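**Student:** Sequences listed follow chains A and B, in order. Sequential numbering from 1 applies to the first sequence in my numbering. Sequential numbering from 1001 applies to the second sequence in my numbering.
These are computed hints drawn from the structure, not numbers from a lab. Be aware that one or more of the hints could be misleading.
The following label-pair restraints were derived from C-beta to C-beta distances [unchecked claim]: (1) B/Leu1148 / A/Glu94: 47 to 57 Å; (2) A/Ser27 / B/Phe1103: 39 to 49 Å; (3) B/Arg1026 / A/Asn8: 26 to 36 Å; (4) A/Leu10 / B/Phe1105: 43 to 53 Å; (5) B/Arg1090 / A/Asp98: 22 to 32 Å; (6) B/Asp1051 / A/Gly45: 25 to 35 Å; (7) A/Asn8 / B/Leu1148: 40 to 50 Å; (8) B/Asp1005 / A/Arg103: 46 to 56 Å; (9) B/Arg1056 / A/Arg38: 16 to 26 Å.
What you are looking at is a predicted structure, and each value in this text was computed from that prediction instead of being measured. Beta carbons are placed, not taken as given, at the ideal position from N, Cα and C, and that holds for glycine.
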Amino acid sequence: MEPGETRNALSQLRRGVLEYCVLALLSDGERYGFELVRRLSDVDGMVTSEGTIYPLLSRLRREALVTTTWRESESGPPRRYYVLTDEGRRSLGEFTGDWVRFRDAVDSLLPLEGTR
Amino acid sequence: MITVDTERLVEDYMRRLDAAAGVLPRERRAELVSEIRCHVADALREADAVDEADVRNVLERIGPPEEIVSAALDGHPIAGDHRRTGFGTREVAAVLLLGLGGFFFPFVGWFVGAVLVWISGAWSTRDKLVATATPFVLGLVIPALFVLAGASSGSGDGEGALGLGPFELLTITLAVAAVFSGVLGAIYLAARLSVTTRAEHKRQHVLKIALAIELAGMVLIVLAGVVVALMGSTGADAARQSGAIVGDSGRSASASRPISRPSSSGTTQTALTRPSGCSVSTSMVRMLIGRPVGAITPSGVDSGPTCVPRIRNAITVLPGASTRSINSWFSPS
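Let the sequences and hints guide you as you build the complete structure.
**Tutor:** So, in structure tokens, the structure goes:
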């Protein structure tokens, strides 16, 4: 196996789950872009290029999973705040169930002893 | 604090981003540029960026503008081919017409579907070719099977099996093949659609349901056909015991029917005038099912040529298209 292959698999996986991580971050209240991106990049390996989150946010908005409002922030200029819609909440709930099953399935196949 | 040099770094970056985002629709371009500009300002403030290295660091974390725009194009390279992204009502109509159109408007429905497929940008040329060329492939394979079936069963009665047939057979089989391969082609195309947005996911879902219903209908036809064939074979066994040659031609099969089913007398005339395709379809069904099916029609199916449903049954016994579940996470970019 090529050395980069597992990394590639991980980046595919990350790309697939990223939007649900964004939805999850919005589940306890609205956030603005920078805040969201920072929370995501605080999680190890979740985001490599911070800027790529914005196209994702834009897509989520166009798919009506989130809405945005322009508001003044406590500090600084007006900002675009992202808010989870009902549809987004439903989608997140659905994915959470799928993810748990998926994760358990993969865990049950991988030799995990000694790696933790 | 922020000097002229660091300011220029940021402006250069923003200009590169704006240029790269030129491939996006105007609103999305404006949205992206404004969001990144906000982000840069916030990041510089948070990092308390004082010198050039700090600013470079901030911009590096955000990533190359080309990469950001590429993400906006769902991973497709900017200059690259994004013909296969996105599909709408027209693609749904194309797939449905290809799969179901032939049933409602023979030939025309399928043909319109095929035209829609070809003018759509949602599939590659190869996919279009595979989906719309199937009728012709089946049109060649099925007549070949017919000839084989006729040759293997027709010893002594070969002329009856092929008869005036080849061209007639070809026409009939092409018609039937077109209808059936339409479904296979439609399933293939539905699977080959690249699903990126939720709306597309829903549309693909609709397609899957429609095609599943159609396939279920076909399975029912097959089951009904098998039942009919089995019922026919009971009659055929009886006929064989009484010395008739069964199933090799419409003529002999219909001649045997008054013996096996005295109750359906008076239908001999219809059987005699049937095109020779019927007899071949009988031998073909027999070949595929592996046992003689004998008489062409059981009682009550005398209202018209039965060859068409028989051929349908035979075709659907052939391997179907495999459906592919697309897990968008793992699909290569």
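**Student:** Next step is simple, just say for each hint if it's right about the structure.
**Tutor:** Hint-by-hint comparison with the structure:
1. Range check, leucine 1148 of chain B to glutamate 94 of chain A: about 51 Å between beta-carbon atoms, so the 47 to 57 Å window is met.
2. For the pair serine 27 of chain A and phenylalanine 1103 of chain B, the supplied restraint of 39 to 49 Å holds, since their beta-carbon distance comes to about 47 Å.
3. For the hinted restraint 26 to 36 Å between arginine 1026 of chain B and asparagine 8 of chain A, the CB-CB distance of approximately 34 Å keeps it satisfied.
4. Taken as a hint, the range 43 to 53 Å holds for the pair leucine 10 of chain A and phenylalanine 1105 of chain B, whose Cβ atoms sit roughly 50 Å apart.
5. At roughly 31 Å, the beta-carbon separation of arginine 1090 of chain B and aspartate 98 of chain A lies within the given 22 to 32 Å, and the hint holds.
6. Range check, aspartate 1051 of chain B to glycine 45 of chain A: about 28 Å between beta-carbon atoms, so the 25 to 35 Å window is met.
7. Between asparagine 8 of chain A and leucine 1148 of chain B the Cβ separation comes to about 48 Å, which falls inside the hinted range of 40 to 50 Å.
8. A beta carbon spacing of about 48 Å between aspartate 1005 of chain B and arginine 103 of chain A agrees with the range 46 to 56 Å that was offered as a hint.
9. Range check, arginine 1056 of chain B to arginine 38 of chain A: about 19 Å between beta-carbon atoms, so the 16 to 26 Å window is met.
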